[in-house]
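*Asks:* Under the UniProt record's numbering, the residue at position 63 of the sequence shown is numbered 63, and the numbers go up by one with no gaps.
Since the hints were made in silico from the structure, they are not lab data. One or more hints might be untrue.
[Stated by the list, open to error] Straight-line distance between alpha carbons at most 25 Å, and here's what the computed DMTMM-like set of lysine to aspartate or glutamate pairs gives:
| id | residue 1 | residue 2 |
| --- | --- | --- |
| 1 | Lys38 | Asp28 |
| 2 | Lys5 | Glu33 |
| 3 | Lys5 | Glu58 |
| 4 | Lys38 | Glu48 |
| 5 | Lys5 | Asp47 |
| 6 | Lys57 | Glu33 |
| 7 | Lys62 | Asp47 |
| 8 | Lys9 | Asp34 |
| 9 | Lys9 | Glu41 |
| 10 | Lys17 | Asp27 |
| 11 | Lys57 | Glu6 |
| 12 | Lys12 | Asp34 |
| 13 | Lys17 | Glu58 |
| 14 | Lys14 | Glu41 |
| 15 | Lys14 | Glu56 |
| 16 | Lys5 | Glu41 |
| 17 | Lys17 | Glu41 |
| 18 | Lys12 | Asp47 |
| 19 | Lys5 | Glu18 |
| 20 | Lys5 | Asp34 |
| 21 | Lys14 | Glu58 |
| 22 | Lys14 | Asp47 |
| 23 | Lys62 | Glu41 |
| 24 | Lys12 | Glu55 |
| 25 | Lys17 | Asp34 |
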Amino acid sequence: MNNTKELRKQHKAKFGKEPNIIGMFWDDPQLVEDNIIKAIETNIPYDEYELFTDEEKEAFDKGMLLF
Numbered sequence: 001m002n003n004t005k006e007l008r009k010q011h012k013a014k015f016g017k018e019p020n021i022i023g024m025f026w027d028d029p030q031l032v033e034d035n036i037i038k039a040i041e042t043n044i045p046y047d048e049y050e051l052f053t054d055e056e057k058e059a060f061d062k063g064m065l066l067f
């Protein structure tokens, strides 16, 4: 298992910003770490918000979708 803090640093160094972790995978921290590693390897910033559909984004923005 990698250190999440170190992965956040690596992500910020590569993309200029920390990964956007909104709690979607709160119950599986290993999955979050794996996803950040994949983001770094594939050169695509990690952003859980972007995993939402447009409808889910709207609900989340209105505070109606919580984790």
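*Asks:* May I ask which of the numbered hints given earlier this structure violates, with the numbers listed in increasing order?
*Replies:* Hint check: 3, 11, 15, 21, 23, 24 fail, others pass.
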